[in-house]
Amino acid sequence: MAVDAGLIAMGSGLAIGLSAIAAAYAEKGIGVAAMGAMAEKEELFGKGLILTVIPETIVIFGFVIAILILVMLGGA
Amino acid sequence: MITPEPMAKIVVMSTKQLMPKVVDRLYALNVLHITEHVKTSELDIGTPMEEAEKTASLLVKIRAVKSLMSINGTKTDPAKVMKSHQKLSHLIDDLNMHVTERLEHIKKCNERISSLTSERQNLEALKFLGLPAHIFSEYSSLDFILGRAKSISIPETIPHEISCKEHNGRLLFAVFFKKGDLGSITPCIRGFEEIKLASRLKGSIEQEIEKIDRQISKLRKDSALASKDINDTKKSWDVFLKTNEDFLSERLEKMEAPLKFASTKNALIASGFVPESGFSHVESELNRHLRGKVLVQKSQTKKGENIPVQLRNSKFVKPFEFFLGLYSLPSYRELDPTFMLFLTFPIFFGMMLGDVVYGIVLLALFLYLKKRLPAAKQLLNAMIQASVFTIIFGFIFGEYLGFEEIGHFEFPRLLSRVHGSISIAGNEVPAVLAIGVMMGFIHVNLGFILGFINEWKSHGIGKAINAKLSWIVFEVGLALLALSLTSSINMHYAVGAVVMLASVVMLYMGEGIQGPIELPTLFSSMLSYSRLGAVGLASVYLALVVNDNFVMPLIEKGGIYIIFAILIGTVGHAINIALGIIGPFLHAVRLHYVEFFSKFFHGSGLPYTPFGEKKIQEG
Chain S
1386 MAVDAGLIAM GSGLAIGLSA IAAAYAEKGI GVAAMGAMAE KEELFGKGLI
1436 LTVIPETIVI FGFVIAILIL VMLGGA
Chain X
55 MITPEPMAKI VVMSTKQLMP KVVDRLYALN VLHITEHVKT SELDIGTPME
105 EAEKTASLLV KIRAVKSLMS INGTKTDPAK VMKSHQKLSH LIDDLNMHVT
155 ERLEHIKKCN ERISSLTSER QNLEALKFLG LPAHIFSEYS SLDFILGRAK
205 SISIPETIPH EISCKEHNGR LLFAVFFKKG DLGSITPCIR GFEEIKLASR
255 LKGSIEQEIE KIDRQISKLR KDSALASKDI NDTKKSWDVF LKTNEDFLSE
305 RLEKMEAPLK FASTKNALIA SGFVPESGFS HVESELNRHL RGKVLVQKSQ
355 TKKGENIPVQ LRNSKFVKPF EFFLGLYSLP SYRELDPTFM LFLTFPIFFG
405 MMLGDVVYGI VLLALFLYLK KRLPAAKQLL NAMIQASVFT IIFGFIFGEY
455 LGFEEIGHFE FPRLLSRVHG SISIAGNEVP AVLAIGVMMG FIHVNLGFIL
505 GFINEWKSHG IGKAINAKLS WIVFEVGLAL LALSLTSSIN MHYAVGAVVM
555 LASVVMLYMG EGIQGPIELP TLFSSMLSYS RLGAVGLASV YLALVVNDNF
605 VMPLIEKGGI YIIFAILIGT VGHAINIALG IIGPFLHAVR LHYVEFFSKF
655 FHGSGLPYTP FGEKKIQEG
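Quick note, the sequences are listed as chains S and X, same order.
When we follow the numbering used here, the leftmost residue of the first sequence carries the number 1386, and every step to the right adds one.
When we follow the numbering used here, the leftmost residue of the second sequence carries the number 55, and every step to the right adds one.
Just so you know, the hints here were simulated from the structure itself, not pulled from any lab data.
Be careful, since some hints might not be right.
Partner residues are not named here, just some residues of chain S that face chain X (Cβ under 10 Å, in silico) [stated by the list, open to error]: (1) L1399; (2) F1430; (3) G1431; (4) L1434; (5) I1435; (6) T1437; (7) V1438; (8) I1439; (9) T1442; (10) I1445; (11) F1446; (12) F1448; (13) V1449; (14) V1456; (15) M1457.
Every residue gets a Cβ at the ideal spot worked out from N, C-alpha and C, and that includes glycine.
Build out the structure end to end from the sequences listed, making use of the hints.
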């Protein structure tokens, strides 16, 4: 039982952790480009910000899956 | 309102002689958005009025003087306007000369000070070496070098006399030798840096240093006087220059306006847009002032013509125009989504943060910032509404600083974010996630309906049905298929499948191959709304960590620990509130821009900029 709980926790941790790495990696590229564009034209702040947070969805999905793993399997 | 201000295209025609008066009137009315005329074989563009060139060069002069004196005041005084170009030009020339002279003087003083300072340093070095000043003069048979070096080793075979001392990690030295030996001496010195004495020394080194000090202090006084003079000039000319700069730039704008007009041999034709409601006023005003010698009429807009957009929203909705400013204005024929933002942004934000105390803190913070930062008024007004919804959702979730209960008293609530769950297909799923997706379903479909209206207005009903309604048909087909497969309704599953297939064909007809390819985004869009619950859960868990792991255990210990508990609690919740502003704000904005707007919004509208006095727009 303890092993099961550990595996569930690891699965949940991997879901959020890996998706966070992916989101961070994607945001890195966009963030750099957005900063570059903003240096040229300050009005692009809004658009740059929006584009930078777009990959955030990945980590939200990861978070949802992590919670679902915990809630659906954790109680089992 | 859900559509931009209706605009009327207008054409104003008059003779070239009367045009200055027409332009004056239009400028005063401040309603006409001029459409620039593009030169054709029949109609050339107008030429600027006389004196435009002179005015422009005078304006450049004023701006040059302003930048020379680094004046950036914003105060103006209508009484200081100088209408005579010639007088103003002379005044500015004199001022320019005066300021340039002062600046040159300051520059010269500074240069002299820096050369004297380096001379002084050299003398200090000599003083350190301890040699009398008079020996550094010209001799008939002797030569010398004075300087700093890393190391010196002159062989005995070359007759010389050296004096050296270590100074700041380097060797300071003076070497005397026979004239003509310079060539054989220099290779013996490593890292040589010569000290040149500016002139032959007359008195002692101390006297020389004192003399230099006197010179430096005199120069400093001189330069300070000149700076003070410039500052005084700046103060007395600040308002005058700004007033005349504004006055001239207004005049220049009027004089150059004909460049945007169409012109024939004797007439000028200005065309552009005014708000529909203001047309009759413009017409009567122009006719009254020019005694009927001007032709003002409405004209038909051409297909595809770029009509300027002026949003019209009520006081409560207006703050949300800020979000369109960050993104893009709707084009004239599109619906204005500001009202939708007003409806959903505060709800999304509130649902994500959802805590009574956090909401109150944010409300107080934004109200305070609104007083301090009038420039950000629009955004702050929107955020104030969002804070109110945070409080409302706080009551719904029964959360107060992350606490769901105090002692044994449990706060009343409609739904617990942490513990509330919904059973979906036999699995317990956190209720907030499911509610988030449901809200996503409603929001995305609202987007399709708005898209349908937009397409209908711009491309006709057929295209609207194929491109936008097909998505909803697809959803209906999918629902029928799922319900018939799970035997929830008594229907053959083929019905649902056929409806889905039909919707895909419609989509292909409406949007080409891109439509069916984008079908999966329907699910990712709706799932993306689960963040409404997820971001909130993250915020709750952070608050719980602060409360359960730090604050409560410390309070239970009692005594001095209560102070620690308060400190840790304050810092922890402050961080959570800071994250709670950034996170929910960005996610709420993003749900609108990416998931919602992509269903109907094209944007790239042309902002309505009337020709006339530039007033600072009220937020």
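Hint-by-hint comparison with the structure:
1. L1399: Not OK, violated: S/L1399 not within 10 Å of chain X, min 17 Å.
2. F1430: Constraint on S/F1430 satisfied, holds at 8 Å.
3. G1431: 3 Å, holds
4. L1434: Since the shortest Cβ distance to chain X is 7 Å, the answer is holds.
5. I1435: Given a least distance of 5 Å, the restraint on S/I1435 holds.
6. T1437: 9 Å, holds
7. V1438: Holds. Min distance 5 Å.
8. I1439: 6 Å, holds
9. T1442: 5 Å, holds
10. I1445: With a closest approach of 4 Å, the S/I1445 hint holds.
11. F1446: 7 Å, holds
12. F1448: Given a least distance of 5 Å, the restraint on S/F1448 holds.
13. V1449: Check passed: Cβ of S/V1449 comes within 5 Å of chain X, closer than 10 Å.
14. V1456: 6 Å, holds
15. M1457: 5 Å, holds
The structure is inconsistent with hint 1 alone, although it conforms to all the rest.
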